[in-house]
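Top to bottom, those sequences are chains A and B.
Residue numbers for the first sequence follow my numbering, so the first one is 1 and each next one is one higher.
Residue numbers for the second sequence follow my numbering, so the first one is 333 and each next one is one higher.
Check before you lean on any hint, since a few could be wrong.
[Said to hold, decoys possible] Keeping only pairs whose Cα atoms sit at most 20 Å apart, straight-line, the calculated DMTMM-like set for lysine to aspartate or glutamate is:
1) B:451 <-> A:45
2) A:325 <-> A:176
3) A:245 <-> A:176
4) B:640 <-> B:577
5) A:107 <-> B:541
6) B:640 <-> B:606
7) B:499 <-> B:418
8) B:720 <-> B:638
9) B:389 <-> A:45
Honestly, the hints are just simulated from the structure, not real lab data.
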Amino acid sequence: MFSAEYLALLYSALMALAIIVYAVLDGYDLGVGILLPGNNKPSADTMIASIGPFWDANETWLVLAVGLALIAFPTAHSIILQALYLPIAFMLLGLILRGVAFDFRAKAKTRYRQTWDRCFKLGSLITAFTQGYMLGLYVMSFEHSLASHLFATLSGVGVIAAYTLIGAGWLIMKCEGEIQNSAIRWCRLSNLIALLGVLAVSVVNPLINAYVQTRWFGTEISLLLLPLPLICMVLFVIQDRVLVKLNDNTSHGCWLPFAITVMIFLLCFFGLVYSFFPYVVPGTLTIFEALADPSALTFMLYGVVLVVPAIIGYTLFSYRVFWGKTQDLSYY
Amino acid sequence: MLDTLLLSRIQFAANISFHILFPTITIALAWFLVFFKFRYDRTGEAVWLRAYRFWVKIFALTFALGVVSGITMSFQFGTNWPGFMERIGNIAGPLLGYEVLTAFFMEATFLGIMLFGMKRVSPRLHTFATLIVAIGTTLSAFWILSLNSWLQTPTGYTLVDGVFYPKDWFEIIFNPSFGYRFFHMLLASALTASFLMAGISAYRLLKEDHKHAPKLTLKVSLTVAALLAPMQMFVGDLHGLNTFEHQPQKVAAMEGVWETEQGAPLLLFAIPDEQQRTNHFEIAIPKLASLILTHEAEGEIKGLNEFKGEHPPVKPVFFGFRIMVGIGVLMILVALVTRYTLWKHSTLPTWQLKALVVMTFSGWIATLAGWYVTEIGRQPFMVSGLVKIEELVTNVPSEHVLLTLIGYLTLYAVLLAAYIKTLFYTARNAVQVEEYQTTPVQGGQYV
Numbered sequence: 001m002f003s004a005e006y007l008a009l010l011y012s013a014l015m016a017l018a019i020i021v022y023a024v025l026d027g028y029d030l031g032v033g034i035l036l037p038g039n040n041k042p043s044a045d046t047m048i049a050s051i052g053p054f055w056d057a058n059e060t061w062l063v064l065a066v067g068l069a070l071i072a073f074p075t076a077h078s079i080i081l082q083a084l085y086l087p088i089a090f091m092l093l094g095l096i097l098r099g100v101a102f103d104f105r106a107k108a109k110t111r112y113r114q115t116w117d118r119c120f121k122l123g124s125l126i127t128a129f130t131q132g133y134m135l136g137l138y139v140m141s142f143e144h145s146l147a148s149h150l151f152a153t154l155s156g157v158g159v160i161a162a163y164t165l166i167g168a169g170w171l172i173m174k175c176e177g178e179i180q181n182s183a184i185r186w187c188r189l190s191n192l193i194a195l196l197g198v199l200a201v202s203v204v205n206p207l208i209n210a211y212v213q214t215r216w217f218g219t220e221i222s223l224l225l226l227p228l229p230l231i232c233m234v235l236f237v238i239q240d241r242v243l244v245k246l247n248d249n250t251s252h253g254c255w256l257p258f259a260i261t262v263m264i265f266l267l268c269f270f271g272l273v274y275s276f277f278p279y280v281v282p283g284t285l286t287i288f289e290a291l292a293d294p295s296a297l298t299f300m301l302y303g304v305v306l307v308v309p310a311i312i313g314y315t316l317f318s319y320r321v322f323w324g325k326t327q328d329l330s331y332y
Numbered sequence: 333m334l335d336t337l338l339l340s341r342i343q344f345a346a347n348i349s350f351h352i353l354f355p356t357i358t359i360a361l362a363w364f365l366v367f368f369k370f371r372y373d374r375t376g377e378a379v380w381l382r383a384y385r386f387w388v389k390i391f392a393l394t395f396a397l398g399v400v401s402g403i404t405m406s407f408q409f410g411t412n413w414p415g416f417m418e419r420i421g422n423i424a425g426p427l428l429g430y431e432v433l434t435a436f437f438m439e440a441t442f443l444g445i446m447l448f449g450m451k452r453v454s455p456r457l458h459t460f461a462t463l464i465v466a467i468g469t470t471l472s473a474f475w476i477l478s479l480n481s482w483l484q485t486p487t488g489y490t491l492v493d494g495v496f497y498p499k500d501w502f503e504i505i506f507n508p509s510f511g512y513r514f515f516h517m518l519l520a521s522a523l524t525a526s527f528l529m530a531g532i533s534a535y536r537l538l539k540e541d542h543k544h545a546p547k548l549t550l551k552v553s554l555t556v557a558a559l560l561a562p563m564q565m566f567v568g569d570l571h572g573l574n575t576f577e578h579q580p581q582k583v584a585a586m587e588g589v590w591e592t593e594q595g596a597p598l599l600l601f602a603i604p605d606e607q608q609r610t611n612h613f614e615i616a617i618p619k620l621a622s623l624i625l626t627h628e629a630e631g632e633i634k635g636l637n638e639f640k641g642e643h644p645p646v647k648p649v650f651f652g653f654r655i656m657v658g659i660g661v662l663m664i665l666v667a668l669v670t671r672y673t674l675w676k677h678s679t680l681p682t683w684q685l686k687a688l689v690v691m692t693f694s695g696w697i698a699t700l701a702g703w704y705v706t707e708i709g710r711q712p713f714m715v716s717g718l719v720k721i722e723e724l725v726t727n728v729p730s731e732h733v734l735l736t737l738i739g740y741l742t743l744y745a746v747l748l749a750a751y752i753k754t755l756f757y758t759a760r761n762a763v764q765v766e767e768y769q770t771t772p773v774q775g776g777q778y779v
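This is chain B alone, in the form it adopts within the complex:
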């Protein structure tokens, strides 16, 4: 049963899931670092520099994991999905190429100066290098999200004998779903990074790290989370409306709607059954789905039965969506409550610190669930409505794909465990080694 297609899909899913974890952190963490460095330059207070130095280590480790898993992705197009480049290459190639040219080199080069150059360049140039790295990570996201969005909502092309040709690059890059997806992802990154920062800072406080830096990073990250978590709900909703317009079958799967109906209810819980084409154990709020998606209580939502054979597998999309929204709501609550407590009492009770530690990787779960909704939601197509995934797969023997899959999975499992362990080890270590150096780095120490 394990054929090349299935194995290739598992392999791609595994690689992309592993990869996305790290850019999700670094895109926003880079901006946190810019902020810390900028504050240090402005105020000269050593605590900002200590915050920078602690988080730049975590940034470097996360960035390295993102880079190596990203390289794997860039090869996979050719090894496992040769049809992808042969048919979509004229569109995807330049977008990926621009990512390498405008983002990869810049971030990789200035990363060296950012990490190791503080004593070798002027403070201003070092802050500039940090800024360039942040811009680079964001630009990277820009190009990748543009390509991904184009696969979801293709525009600006002509199709000749199954091969795509670009017609209007502006339409291709700024395709109809791009803006929503890009901001949704940037906010997801901001929330993932701030909950990571809050979790690790809370962990340090629980370990009796009474220095000023963890308190400061806790405050900064919770402020960002409290501001952006509600905003993410809003942007996510707009994104959903856009998907409803362009990919109704995906929304039908998200909402578990089988028959086209007016006044569709919002399902809080259900178990969709694709064989019998119905839901079991429904808990529903009447008319709410229609109200949210069409802004009318009796608005029409197209059902999955109108897209038989052309709609995504329902269960993963349905549950993925609920997990994403569930964690999102939890993040809003936790961020608002803890930020409020911090404002009132300027410290957090132990149970709130523990809750933040538990939530350290909540952003990962929400982001992964969100990506599964959007990517599985595009199935069975590679390019929405135009190219099916099975048409693009490699013809290497399935044993080879299986062998490499086992290799990747093993390595990824080990690396993920090592990454998480190292994060908390670095935090514990900081309790002892990151002593208060009351003297800030003097201007004279810079070359």
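Just chain A, same shape as in the assembly:
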């Protein structure tokens, strides 16, 4: 049996892993959804084909993240989910719309196809926005004021930009020709918006939240961490340069924008986790206070140790199977 403190750290690390993997993986396919054209059928097919084999498994990381919260920190789970009741409902509607549209569009009558494409796009947009909105409210400790809802809206736009960025990076990597060229343009634009978003959040967050301020400016370790936001900014700039280069010659390094975006995601996420650790409900509940019964968590741990490596293994395998430029999707 492990100590409660150790379990709290372990399960929050797992939860963090699930969240960041979710943000990267479902991030790129939601981004592709956001970028989906509402009228141009052939390129829509290719774009959807690029995420077809993956989106379902990507979404499962969200279920895992929420599941881990529910298992390891049930009190926090219910505080957070009740506080976010409406945005969660909207996110679920968005996820439902996106998930079913993916399948219906391929099977419905041709004249409905465009409608399902729009549902796909709309569902992806709603999902991305509400996730960002919830993140904003979370950062604001679920405070209900005009300022916090404005901040949450800003954060929603930021997440849309971030997912568009990673989605465009994915398309640059997986597609060719016209789609790839447009993706480079989208990528550049969303790179700029995401940069502004990250800047805004980094400035606003310590200003409004005293705890976050101490974490970043008040401790000895914070001096060591201050370069991180700088590295993040530099990455945005490098990204822009890479995109300009790719615009002239797409044959080399088409995987770079995706990789750089993943690094940006990791840095931002690390910053966020560091800002609030060890709180699971900001300012209210720490991971140590919210922990569920240790014996139940120990039982769960056997499964985690045995299964998570297997999950990572066959996920990598599936990416290897569909490696390379996207081909047409057929049930074959």
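Starting from the known structure of chain A, arrange chain B on it as the hints suggest.
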């Protein structure tokens, strides 16, 4: 009158009813696909591959609907029933967690290879991916049914200040009603999927689809239905006996028994009246209920009056049970008659094909009715006899619950209509597009 509790219950009922429709199909349909693919690998006959390709499309659509509605369920515990996880989380959490870890990821990942990877992996690996998806759906059912059964017949726990703690995981997972419930559900899925397959295949034949594939899938699905429908009756009966032992108040509601009696009759029809605590318009077979449940004509059945305030609402359980059994009997008859005709004449007359089309979604109705019996039958408790549902509800404003309820209901209605339309559209489409390709997929086409 519309308070958060009532609205939350309606919302949960709506979500769970919508969700269950799709896994009910996919659990067994996945095994049908394994069979088709396996036969193709063994015989190389193109017809098996065509059967696979047609049904894998329907599987993909059904699976997607199951996934998205399932995600909604996983959030609802926290949004609408926070008390559930706070008090039962130590038991329910790991069971749900194991479902995600052992089933969700596996089926979702291999689904990609199963649907789109046939040309990219070896035939053997593709069949393996199909098999893994089937195992995944079944494992998923295993964990969910384990949790559901535990809520009905809790064992292996200790209760401290209203919070449950696990004591013996083996007892928790394999609680007394689990086995019955699990097999009852697997058979329900097999029957739902085979009647769906039979209905759609019959529809294709009626639309003059003279290819070999719809005839083949008709035969396979009717064979499965004819074998399993009677078996379901048997397993259902065993399940009923188990419920009689552990949840007598549920059985009393199913049978419409108010006063404890020896030699209770089996009510074929009645209208239970909870105010006057009696039945109207009874049509009964004397002593049969006692005989079935206790295997003695004079056996004692406890009446609802012994559980006043602690028994479920009678009408929905009573009628739900009759609908489930009624459809079940109909399924047995239809399966046996059509399978027999097929064996004798190797084709079905138009009226039998039409009957099968009418029965396409009979499995859904029986499964829903069965779930209502079992879930409403547990009321007013969340954990049988220990935790009442009203203790667990959220305290978000009722308008929020109402708003989201309207959103879900609208979307579900649209999706259900679109799903059913698309099924029949796919079938009609197959008449034209699924041409005979006499050449099977060559080994060389695989990478």
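Here is how each hint holds up against the structure:
Between residue 451 (chain B) and residue 45 (chain A), the direct Cα distance comes to roughly 18 Å. Compliance with the 20 Å bound is thereby established for this hinted pair. Under the criterion of a C-alpha separation no larger than 20 Å, the hint pairing residue 325 (chain A) with residue 176 (chain A) is consistent with the structure, at around 7 Å. In summary, the hint linking residue 245 (chain A) to residue 176 (chain A) is supported, as the alpha carbons are separated by about 16 Å, within the 20 Å threshold. As the CA atoms of residue 640 (chain B) and residue 577 (chain B) are separated by approximately 19 Å, the hinted pair is consistent with the 20 Å bound.
Taken as a hint, the residue 107 (chain A) and residue 541 (chain B) pair is honoured in the structure, with Cα atoms around 19 Å apart against an allowance of 20 Å. Only pairs whose Cα atoms come within 20 Å are accepted, and residue 640 (chain B) paired with residue 606 (chain B) is accepted, the gap being roughly 11 Å. Straight-line distance between C-alpha atoms of residue 499 (chain B) and residue 418 (chain B) comes to about 17 Å, which keeps the hinted pair within the 20 Å bound. For a cut-off of 20 Å, the pair hint linking residue 720 (chain B) to residue 638 (chain B) stands: about 18 Å separates their Cα positions.
A hinted pair counts as satisfied when its Cα atoms are at most 20 Å apart, and residue 389 (chain B) with residue 45 (chain A) qualifies at roughly 17 Å.
Of the numbered hints given earlier, the model fails none.
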